[in-house]
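Chains as they are written, first to last, in the numbering used here: chain A, 75 to 175; chain B, 138 to 880.
Hints in this document: simulated from the structure, not taken from any laboratory.
In this text, all values refer to a predicted model and were calculated from it rather than measured experimentally.
The beta carbon of each residue, even a glycine, is placed where N, CA and C say it ideally should be.
Careful: at least some of the hints might be erroneous.
Sample of chain B residues lacking proximity to chain A, with all beta carbon distances greater than 12 Å (derived) [as the list claims (entries may be wrong)]:
1. W265
2. V404
3. W421
4. D532
5. D590
6. R851
7. Q853
8. R856
9. V857
Label pairs and their in silico Cβ distance ranges [unchecked claim]:
10. I873/B - L152/A: 32 to 38 Å
11. A171/A - V877/B: 32 to 38 Å
12. A153/A - Q843/B: 25 to 31 Å
13. V830/B - G89/A: 39 to 45 Å
14. G867/B - A157/A: 49 to 55 Å
15. L848/B - A132/A: 41 to 47 Å
16. A153/A - D832/B: 24 to 30 Å
17. A153/A - V830/B: 52 to 58 Å
18. V140/A - G867/B: 17 to 23 Å
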Amino acid sequence: MGLQAYLIVSALLFGIGAFGFMARRNAILMLISIELMLNAVNLSLVAFNAYAPDGSPAGAIFALLVMAVAAAEATVGLALVIAIIRTRKTAEVDQYADLKE
Amino acid sequence: MSTELLIALIPALPLAGFLFAVLAGSRLDRVPSHGHDEHGDNAHADDHGGHAGHGGDGHDSGEIDDSAFRAVPSEEEQALSSPHAGHADDLANSSGADGVIPADLNDGLGQVGHVVEGAPRPSYRSWWVPTALVGIAWAFSMIVFANVVFGGNVYHVSAYEWIISGDFHIEIAFLVDGLTAALLLVVSTVGLLVHVYSIGYMDGDRGLWRFFAYLNLFMFSMLLLILGDNFLMLYVGWEAVGLCSYALIGFWYKKPSAAGAAKKAFVVNRVGDFGFALGIMMIWTLLGTLNFEEVFAGIGGLDPTAVTIIALLLFAGAVGKSAQFPLHVWLPDAMEGPTPVSALIHAATMVNAGVYLVARANPIFAESPVAMWVVAGIGVFTAIFAAAIALTQNDIKKVLAYSTVSQLAYMFFALGIGAWVAAIFHLVSHGFFKGLLFMGSGSVIHGASGEQDMRFMGGLRDRMTWTYRTMVVGALALAGIPLFAGFFSKDEILAESFNRGYYLFYGVGVIVAFMTAFYTFRMIFMTFHGAWRGPRDAWRHVHESAPTMVWPLIILAVPTAVIGLLLGLPPEGGFIHTWLEEVFHTAEEAGAGILSGSIAAGEHHGFELFGIGGLLLLIGASVGVAGIWLAHRWYVRDPEAPGRFVVRFPFGLGPGMYAASLNKYYVDDLYGLVWARGGVLVGNALWWFDAKVIDGAVNGAGWVAQRFGGLLRRAQTGRVENYGLGMAAGLALVLIAYLVMRP
């Protein structure tokens with residue numbers, strides 16, 4: 075077991091997130107999928123940190139940074155999504171194609 | 138008053154006259170606008186009735202609309218009536234002679250006898266101040282002239298700094314030496330006499346004040362040109378005389394041929410002036426100064442090629458201004474202007490500017506044998522070329538115009554072989570006698586009711602005695618008959634060319650002298666001898682011109698008769714040589730002959746009456762006499778003879794040669810074809826290139842961008858999941874690339 079198990083879980087999580095982002099039509103669910111991918115990355119980061127041979131905390135610090143970015147992203151993203159849902163009365167991203175050529 | 142002040146005042150006075158005429162002239166002239174009512178028809182019949190007889194002869198007014206010659210109407214006239222209301226009636230009344238201008242409308246047609254006995258005379262006063270100022274300038278000029286020529290002084294007068302910009306340093310400064318004095322004599326004397334002459338000639342022209350304004354501006358410019366002590370002032374004067382020439386050729390600007398001739402003169406002159414400007418710029422670039430003396434001091438240190446280029450560029454300007462081949466086409470057309478203008482600008486003064494330029498720049502030309510060859514070659518060629526055209530022209534002014542081109546070419550020929558003094562001598566004498574001949578022709582035209590075609594003249598001798606006498610004096614001078622001015626100056630040129638060993642040039646010169654004598658007296662005989670060939674009505678009206686026109690002729694006849702004796706005796710050593718020696722000193726010393734090892738300097742012993750010099754004089758005189766004899770035989774004794782000669786000419790070349798000469802060797806047509814049509818063709822080609830290639834490239838660039846954009850915008854679906862897929866695909870691509878590239 076060890077590091078590999080963490081990485082497998084992380085890859086699975088990322089795959090689920092990526093699939094969800096591409097397959098889903100609901101804007102909020104797409105945001106959630108993005109969170110899944112971010113957290114998959116976080117998981118691999120902290121796993122690397124735990125198994126780092128020199129005990130460097132870089133992985134953990136990086137994970138914290140990602141969390142901060144993810145929080146900010148979620149805030150902005152949710153705000154946008156709520157605003158667009160309010161005007162368009164729908165969360166389906168298919169309906170947001172006004173700027174296509 | 139010091140001489141320096143006088144010199145500065147000489148050009149200033151005509152400038153003041155110009156400003157006066159422009160500002161106040163139109164208010165001084167009083168033109169009665171309704172005085173014609175009762176007299177218009179009579180006057181009309183008297184003055185113009187005959188023209189219908191040979192309508193279509195070109196110059197007369199048949200083709201021109203009713204207001205063709207109207208200058209700007211005066212204020213009071215404008216106030217009194219709308220410009221044409223009053224005149225329309227006259228036109229209707231006078232419809233008997235088709236389309237000819239009623240007497241009251243022929244303003245500007247100064248040459249027609251428009252003064253009707255009994256009619257209220259218009260009063261013109263605007264000539265007074267300009268003429269008086271030119272008269273004062275003439276008096277000053279003569280004082281300066283005497284001081285320079287007899288006192289042996291050379292004056293440098295510095296008026297003020299004109300341009301100071303870094304190294305560029307130009308002064309308004311005057312230089313008066315022997316050469317300038319020679320020009321000063323001609324310009325101010327002929328200028329003053331032409332002013333006086335114009336009072337009579339232009340009388341009755343509503344544009345009188347405008348005429349005198351231009352005339353004074355011309356005097357100012359010409360005096361600036363000859364007095365300036367640097368190339369830039371010379372250039373300013375040069376361009377300003379060109380402008381005045383344009384304005385005065387097109388003085389009757391409503392006449393299409395005059396307006397066209399003015400444009401032609403201006404454009405053709407620009408061609409030469411462009412070269413002149415380049416030459417000046419080159420002098421500045423290489424020497425850093427434009428002052429004559431500094432330039433001439435530094436010219437020896439320059440690369441010979443550069444000197445040659447400078448000399449040729451300056452000569453290009455001279456070719457344009459002095460109407461030498463191939464830029465001679467403007468001068469004959471310039472005869473569309475009033476005759477005093479032809480006499481002053483296009484015979485006696487402005488066209489001499491080119492000769493003056495080459496003579497003034499003699500140290501430059503002396504350094505460059507190539508340039509001297511070009512000057513001499515163009516001179517000799519143009520001399521015979523223009524003389525051959527003058528042989529067949531029928532318009533009295535055209536004969537004189539081609540004669541002027543030919544005589545100027547004589548001067549260039551003299552300059553080119555290094556006979557500087559002879560060239561200036563000829564310039565002075567030609568200025569007098571050609572001015573005289575032109576004014577005489579104006580008097581003839583005036584007396585003959587505006588007729589210019591010599592085929593419709595004849596027998597004027599009886600009615601225009603003084604015009605006849607003075608013109609014969611001028612013609613004898615032009616023909617080179619001994620004791621008259623032209624004889625000494627022309628034979629000096631011929632003798633110099635012989636003595637320096639240019640036998641071919643000498644031979645051509647002698648032939649030209651013969652042709653000159655022939656066409657000059659052809660003109661005299663056709664005009665004054667025989668019987669009147671024009672319409673009979675016009676004959677009744679033939680009269681001697683007004684005293685203001687005849688007196689200048691008589692006064693000019695005096696120098697024409699004696700100036701050769703005064704300046705040219707003994708031949709090749711006359712007073713003119715001592716006078717101009719200083720100016721051409723260096724050029725003569727530098728061995729200016731274009732033949733290296735010319736026999737000019739060493740072996741020539743000076744003039745010997747019973748030697749080669751006397752023989753040359755005899756040849757020169759006898760070709761002149763022979764020309765007059767032939768003209769008399771052909772145009773007085775046996776008028777059929779020229780026709781027979783043309784037919785009997787060997788190899789049947791006669792008619793072709795006659796046509797070629799009559800049509801000016803088709804040079805104008807050739808230029809029309811090459812430059813006008815060619816210009817249109819080139820313009821069309823450039824337009825096509827612009828429309829198709831340049832615009833094509835611009836539009837093509839836009840088209841390509843549009844097409845690519847069209848392709849790329851397909852990617853812009855507006856669907857978030859597509860973009861997400863794109864990102865994922867990109868990520869995958871990066872991943873795969875990483876895995877593949879990994880060492």
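Here is what the structure says about each hint:
1. W265: 84 Å, holds
2. V404: About 58 Å separates V404/B from the closest Cβ of chain A, which puts it past 12 Å; holds.
3. W421: Nearest chain A Cβ is 63 Å from W421/B, so the label holds.
4. D532: 77 Å, holds
5. D590: At about 80 Å from chain A, D590/B clears the 12 Å cut-off, so the statement holds.
6. R851: 7 Å, violated
7. Q853: The claim is violated: Q853/B sits with its nearest Cβ about 4 Å from chain A, within 12 Å.
8. R856: 6 Å, violated
9. V857: 4 Å, violated
10. I873/B - L152/A: 32 to 38 Å: 34 Å, holds
11. A171/A - V877/B: 32 to 38 Å: About 36 Å separates the Cβ atoms of A171/A and V877/B, which means 32 to 38 Å holds.
12. A153/A - Q843/B: 25 to 31 Å: 38 Å, violated
13. V830/B - G89/A: 39 to 45 Å: Violated: the Cβ-Cβ distance is about 59 Å, outside 39 to 45 Å.
14. G867/B - A157/A: 49 to 55 Å: 28 Å, violated
15. L848/B - A132/A: 41 to 47 Å: 45 Å, holds
16. A153/A - D832/B: 24 to 30 Å: The hint (24 to 30 Å, Cβ to Cβ) is violated, given that A153/A and D832/B are roughly 51 Å apart.
17. A153/A - V830/B: 52 to 58 Å: 56 Å, holds
18. V140/A - G867/B: 17 to 23 Å: At 20 Å between Cβs, range holds.
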